[in-house]
Amino acid sequence: MKMRAAVADGDGDDDGAGAPVQVSVDPAAYRDWSALPDDLLLTVMESLAIPDLFRAGTACASWYAAYSIARRARIPIRDSAPCLLYSGEGDDDPSTATLYSPSSGDCFRVRLPDPPLRSRALVGSAHGWLVTADEQSNLHLVNPLTGAQVALPPVTALHHVESFVDEEGNIVYSVDESLGPDDPEANLPEFEELADREVPVEYPAEKLRLFMYHRVILSCSPSAGRKCVALLVHRPDGMISFARPGDERWTHINRDTGYTDALYNKNDGLFYLLSFDGSICALDLSGSSPVARNIVKKNTQWDNPSKYIVLAPWGDLLEVWRLRDFDEPDEIPECSSAEFEDRSDKWLTEEIMLYKVDIDKQKLVKISSIGDHALFLGFNSVVCLPTNKFPMLKPDCAYLSDEFYEEICVKRHNWREIGIWDLKSCKLQSLGDVESLHAWRNWPSPIWITPSLN
398 MKMRAAVADG DGDDDGAGAP VQVSVDPAAY RDWSALPDDL LLTVMESLAI
448 PDLFRAGTAC ASWYAAYSIA RRARIPIRDS APCLLYSGEG DDDPSTATLY
498 SPSSGDCFRV RLPDPPLRSR ALVGSAHGWL VTADEQSNLH LVNPLTGAQV
548 ALPPVTALHH VESFVDEEGN IVYSVDESLG PDDPEANLPE FEELADREVP
598 VEYPAEKLRL FMYHRVILSC SPSAGRKCVA LLVHRPDGMI SFARPGDERW
648 THINRDTGYT DALYNKNDGL FYLLSFDGSI CALDLSGSSP VARNIVKKNT
698 QWDNPSKYIV LAPWGDLLEV WRLRDFDEPD EIPECSSAEF EDRSDKWLTE
748 EIMLYKVDID KQKLVKISSI GDHALFLGFN SVVCLPTNKF PMLKPDCAYL
798 SDEFYEEICV KRHNWREIGI WDLKSCKLQS LGDVESLHAW RNWPSPIWIT
848 PSLN
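Going letter by letter, the sequence shown gives residues 398 to 851 in my numbering.
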């Protein structure tokens with residue numbers, strides 16, 4: 398007796414290529430999925446959505462073996478949309494991460510390699526990889542789906558960081574911090590004498606990561622080895638440094654301004670850096686020395702909004718400004734619990750402003766809509782997707798996660814702003830049932846990531 402399995406190749410064409418492929422399988426010969434030929438197994442696995450693929454791995458031992466082969470084969474994921482990755486409120490395992498997909502409504506769980514997820518700070522994501530900082534404040538790249546992990550140069554390999562051991566045997570970092578002209582504190586009277594002067598500041602090893610790293614941008618998947626460039630935006634004042642996997646030190650790029658975000662454009666091989674004042678610099682790291690070129694002049698003195706840069710699918714370069722304000726609670730109950738006090742404050746998005754970058758005219762053109770597209774904003778590299786490919790995503794909306802690092806570093810367990818910002822109504826909407834059914838912890842701060850097995 399033979400059974401016939403129908404497997405779609407999933408390319409969506411109308412030329413018959415997407416029609417089910419009839420495969421004859423003899424169950425007497427293959428009593429478990431792990432015994433199927435690799436090419437047939439991979440064909441089956443390629444047809445599964447990511448949540449289904451990971452659920453298949455938990456069904457039984459033979460399905461787990463099949464699933465493991467699929468993970469090692471680095472199956473390309475078609476039409477993937479970002480998931481919210483976080484540590485679940487009900488998870489006992491500190492290494493387990495929950496991923497929620499707003500494009501499908503599914504949740505699934507994965508286990509990260511050591512160090513445990515709850516001991517890490519999340520400071521970036523791109524190409525399916527997280528950028529995390531461990532309790533020694535050193536950066537690691539980790540793919541939560543495959544478990545692959547790559548170390549970046551240690552924090553002491555930055556040009557302005559040194560370490561020593563205190564009297565109690567603890568590692569302490571000494572950081573030369575300068576208050577440049579773009580640092581908001583530099584304009585305060587009490588800091589005038591410190592402006593543009595290096596000031597050593599000491600941090601316990603576990604604390605430095607909360608202040609040092611603003612965000613990390615990757616040029617490609619770290620699985621590409623030395624082809625991958627990690628661009629680090631860091632303290633003080635949005636300085637930039639870069640490194641490749643395998644480097645021993647970070648290379649500092651000396652600029653006369655600080656940066657808040659960046660993107661990598663694979664079409665021209667350049668990084669585009671967005672400054673606090675709205676100016677943009679193109680950075681070429683392909684040669685023996687960095688080459689930077691200013692392409693958009695300063696557009697504002699206003700450094701309050703969080704600013705993001707994104708290359709839209711239709712080809713425009715966009716700046717996204719996220720204005721937030723402090724929502725002071727009406728009443729703060731008397732409580733001596735430090736964790737309760739840590740949760741009392743709320744910073745809320747009040748407005749999101751969109752600008753098309755006109756390089757030729759050297760100006761920003763305000764726009765009111767992104768049409769049938771959705772943005773994903775946070776510590777992740779910004780994603781802009783057409784919603785016609787993902788019917789469950791809401792068009793003309795921004796899916797938000799919290800990246801207000803000043804608040805996160807001071808109050809690790811504070812409330813996190815996560816939801817859907819409607820660009821038309823200017824209101825924040827809930828993500829839905831996931832908030833009650835699969836609630837998140839506030840540390841590490843949840844982050845958007847686009848799943849990848851590469």
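Just so you know, not all the hints are guaranteed correct.
[As the list claims (entries may be wrong)] In silico DSSO-like links for lysine-lysine, alpha-carbon gap of 30 angstroms or less:
hint: 1; residue 1: K695; residue 2: K760
hint: 2; residue 1: K760; residue 2: K824
hint: 3; residue 1: K760; residue 2: K808
What the hints contain is simulated information worked out from the structure, not anything from laboratory work.
Cross-check of the supplied hints:
1. Of the pairs offered as hints, the one joining K695 and K760 holds, with about 9 angstroms between alpha carbons and a cut-off of 30 angstroms not exceeded.
2. About 28 angstroms separates the Cα atoms of K760 and K824, which keeps this hinted pair within 30 angstroms; it holds.
3. Restraint check for K760 and K808: not satisfied, since their Cα atoms lie roughly 37 angstroms apart, outside the 30 angstroms limit.
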